[in-house]
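Participant: Here's the letter readout for the chains.
2 protein chains.
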Amino acid sequence: MAGDSHHPERSAVAALAEEFLAGLREWLTIPSIGVDPAHHADVHRSAQWLADRLRADGWPEVEVWDHGPALPAVYACWPAADPGAPTVLVYGHHDVQPVDPVDRWHHPPFEPVTSGDELLGRGASDDKGQVAMHLLAVKAHLAATGRNAPGVTLKLFIEGEEESGSPHLRKLLEDHRDDLGCDLVVFTDTGVHDRDTPTVNTGQRGVLGGEITFFGGTDDVHSGRAGGAIPNPATALARLVAALHDEDGRIQLPGFYDDVREPTERERADYAALPFDERRWLAQNAGGAQAVAGEPGYTTFERIWVRPTAEVNGLSSGYTGPGLKTIIPASATAKISFRLVPDQLPENVAGQLREFVAQHTPDGIRAEVSFRGTGVPPYAISPDDPANEAVRDALELAFDQPVRFARAGGSGPAAVLQAWLGVPLVYLGATLPDDRVHAPNERVVVPLLLKGAEAAAHLWRMLPERLTR
Amino acid sequence: MAGDSHHPERSAVAALAEEFLAGLREWLTIPSIGVDPAHHADVHRSAQWLADRLRADGWPEVEVWDHGPALPAVYACWPAADPGAPTVLVYGHHDVQPVDPVDRWHHPPFEPVTSGDELLGRGASDDKGQVAMHLLAVKAHLAATGRNAPGVTLKLFIEGEEESGSPHLRKLLEDHRDDLGCDLVVFTDTGVHDRDTPTVNTGQRGVLGGEITFFGGTDDVHSGRAGGAIPNPATALARLVAALHDEDGRIQLPGFYDDVREPTERERADYAALPFDERRWLAQNAGGAQAVAGEPGYTTFERIWVRPTAEVNGLSSGYTGPGLKTIIPASATAKISFRLVPDQLPENVAGQLREFVAQHTPDGIRAEVSFRGTGVPPYAISPDDPANEAVRDALELAFDQPVRFARAGGSGPAAVLQAWLGVPLVYLGATLPDDRVHAPNERVVVPLLLKGAEAAAHLWRMLPERLTR
Ligand SMILES: [Zn+2]
Ligand SMILES: [Zn+2]
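Protein chains in written order, with the working numbering: chain A, 10 to 478; chain B, 10 to 478.
Treat the hints loosely; a few may be bogus.
A pair holds if it fits inside one copy or across any two, identical chains being indistinguishable in the list.
Unchecked claim - Pairs of lysine to any residue, SDA-like flavour, derived with a Cα cap of 25 Å:
id: 1; residue 1: Lys-334; residue 2: Val-44
id: 2; residue 1: Lys-180; residue 2: His-48
id: 3; residue 1: Lys-334; residue 2: Phe-224
id: 4; residue 1: Lys-334; residue 2: Ala-302
id: 5; residue 1: Lys-148; residue 2: Ala-89
No lab work stands behind these hints, which were simulated from the structure alone.
Go ahead and model the full structure; you've got the sequences and the hints to work with.
Facilitator: Okay, here's the thing in structure tokens:
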């Protein structure tokens with residue numbers, strides 16, 4: 010198979026695989042935990058490691074953007090031989106999640122180990138593994154085509170703050186507008202549906218998180234003194250939370266669904282064709298939940314990919330220690346986040362939540378609403394987009410099987426990149442939903458990374474013909 | 010006034026006042042915090058102090074019941090000269106509340122200070138002040154009548170675990186059934202409506218506290234992975250809490266109101282005649298609540314005295330720290346307590362709550378309900394009861410003004426005493442609702458304690474004629 014004459018990219022990837030893995034393992038030893046200031050020096054080391062590797066690989070232009078306030082990002086450019094070829098910007102990140110609870114890891118998180126066809130370590134899947142996959146893809150593309158420059162002008166933009174919510178991404182895009190100009194963005198921080206079902210991701214939900222506090226009195230009150238005769242902010246807040254969904258689970262913010270784009274018949278058919286084992290999904294993807302539940306008329310995949318949701322993330326009020334204190338609490342707080350779908354905008358939903366809270370604040374209660382930042386907009390691209398079809402075809406070549414389109418339920422900076430750069434954004438990744446990203450014992454399945462590299466190599470070869478500019 | 014020939018009890022109290030205060034101040038220096046094991050030795054010292062004082066006062070029979078598991082209680086008996094005279098058991102407690110937050114005290118809590126006509130210190134009002142008041146009353150009664158034994162056989166039962174919820178009270182009553190036999194219980198841990206409005210308390214609400222936990226999955230889940238497709242236990246719990254009351258604030262447990270005794274017209278008229286300043290009540294009794302609220306058709310006093318209530322005391326679920334975690338929590342907990350009125354029984358309400366929770370547990374959620382102990386039953390006695398009328402008349406003599414009947418919204422062991430001893434229980438106390446009991450800077454108003462002692466002295470003189478056995 011590796012020597013199949015129709016797939017010189019496959020042979021090239023296979024030949025480079027050992028070197029690729031050695032490099033990735035080295036990179037994974039650097040604990041580039043961006044959210045932890047104690048590890049900021051490691052984030053710098055990680056950026057430097059990547060820049061050095063890119064130079065060693067022959068990338069003609071490599072920069073570490075390390076002028077603050079953002080943690081260092083790595084930029085690289087490899088111009089196509091043909092000056093008329095399209096330009097593709099590959100986005101990824103080299104910062105990694107924290108490792109708590111560290112005692113639940115079966116090995117030290119920054120001493121990667123191999124187990125069967127898996128490589129385990131923090132960042133193996135999210136996102137160093139997939140960035141390294143793209144470095145491998147370029148080498149394989151050049152080797153397979155016998156060229157000394159890629160078929161498209163390739164730009165790499167690997168940020169260091171994704172796990173912190175990309176707080177300075179807009180500023181980086183603004184400061185480096187000229188460097189980052191392109192015809193297409195390829196977003197690497199994504200994956201396939203499962204090991205046997207390769208898919209192309211076509212979108213992510215947005216997110217808006219906030220906090221609602223209801224204030225009653227200035228102090229907790231003994232319920233023997235006033236119970237039954239004053240409003241209880243915890244009860245009032247529970248009533249607000251209860252009113253957030255109707256009996257069918259539809260969200261009751263005024264106008265919440267006005268901007269929601271229904272999935273097309275083609276998208277619904279694609280999602281319905283994906284294998285779904287409810288028990289396995291509950292155990293592996295849903296924290297051991299006892300049952301599925303949600304908006305009637307939508308499948309589980311539709312509920313998590315193309316439908317918005319409102320989730321209570323935390324509740325706190327009054328006395329929560331052991332035993333009981335018979336108080337009427339002075340205040341009660343709910344943390345609530347919304348996952349959003351095209352074309353909902355976080356700023357509109359913020360306004361809708363403020364209006365909803367005002368409608369549900371009873372007499373004798375004062376409400377405060379605050380938001381964590383401005384939220385992340387949702388993003389989706391049509392499966393009919395020519396760039397997306399090219400990605401699908403590249404994956405089919407690499408996986409030797411039909412590839413369907415799917416979506417992701419989480420959130421990322423895709424919409425920000427797309428909006429600032431003004432070009433289509435497609436996803437190309439080869440990780441799995443059960444890679445335990447953001448959890449102990451993160452792993453990546455190495456054969457999938459190799460197939461992802463092969464697909465990218467195909468893509469760089471195919472794109473000039475496929476992309477109408 | 011002090012020398013009024015119609016009130017020899019008043020002169021006697023005045024003559025003994027200085028000695029009374031010196032003794033009380035000494036007792037208040039003992040930090041008998043029963044809920045804190047570090048202070049259990051102090052609870053023993055407090056019991057010993059009281060026993061010594063009773064012996065010094067001439068009580069012929071004094072015992073410290075200190076045989077575990079209960080913290081020490083003090084028992085004393087002073088038989089009437091007339092063997093046919095009724096027997097009265099005076100109940101109080103010598104343990105005190107903790108002093109946290111201690112930095113909000115303006116003086117050390119166990120170094121009592123005098124300010125104007127107030128004595129400040131932990132226990133000054135609840136309940137050492139009122140127990141000392143009864144010791145003074147007996148001395149004044151003997152001095153005023155010139156006898157060397159009281160007009161009724163007096164028994165004192167001063168427990169050391171009231172602030173811990175009297176966990177061993179039933180056992181004490183059982184172990185000392187013979188000692189504690191009586192015709193009437195006088196309950197001292199109570200007060201009057203306000204400084205200018207003496208009242209006789211006629212009842213306390215009961216209480217039942219519990220905890221409801223809703224379990225979803227085994228772990229918190231990232232809302233991007235499953236949000237919209239599994240039940241959220243925090244939302245489910247909020248819906249249960251919201252369903253606990255209807256729009257009018259009526260509690261929705263099945264059968265909750267079946268055993269609720271409506272107040273009589275006479276009781277409602279008594280309560281309506283009491284002065285009520287809403288702004289002042291909100292500030293002083295209701296923790297600075299912004300407004301009154303509650304069941305339509307009932308006044309604030311009725312809502313807190315003769316109507317049951319269900320209050321959320323605490324809520325906790327998911328992430329409650331700074332910022333946001335976009336999780337679907339694995340579980341959610343509400344602490345809820347019910348204040349009960351005659352003839353509700355805590356054990357019945359516990360069953361109703363279990364039934365209500367079962368009705369409101371959605372698919373995919375598992376519920377756990379637990380209770381803190383077995384609850385405290387409510388207690389009330391009719392204002393028309395002859396013993397109650399005697400108390401009212403005694404207070405009118407002491408206060409030189411009409412005395413009305415009121416109730417208390419809190420809970421205490423009155424119903425347990427009444428049920429075990431099988432005799433009426435009346436309340437005689439002279440503290441104020443704003444004495445800051447259970448809070449920093451507890452105080453008692455000394456002239457009220459002296460009037461309370463005078464009233465008790467009148468009562469011991471009057472009771473033999475008034476009490477039909
Ligand atoms: Zn990532
Ligand atoms: Zn007390």
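Participant: Run every hint past the structure and note whether it holds.
Facilitator: Status of each hint after checking the structure:
no. : hint              : verdict
1   : Lys-334 / Val-44  : between (37 Å within a copy, 13 Å between copies)
2   : Lys-180 / His-48  : within (22 Å within a copy, 60 Å between copies)
3   : Lys-334 / Phe-224 : both (19 Å within a copy, 23 Å between copies)
4   : Lys-334 / Ala-302 : between (34 Å within a copy, 22 Å between copies)
5   : Lys-148 / Ala-89  : within (14 Å within a copy, 108 Å between copies)
No hint from the list above goes unmet by this structure.
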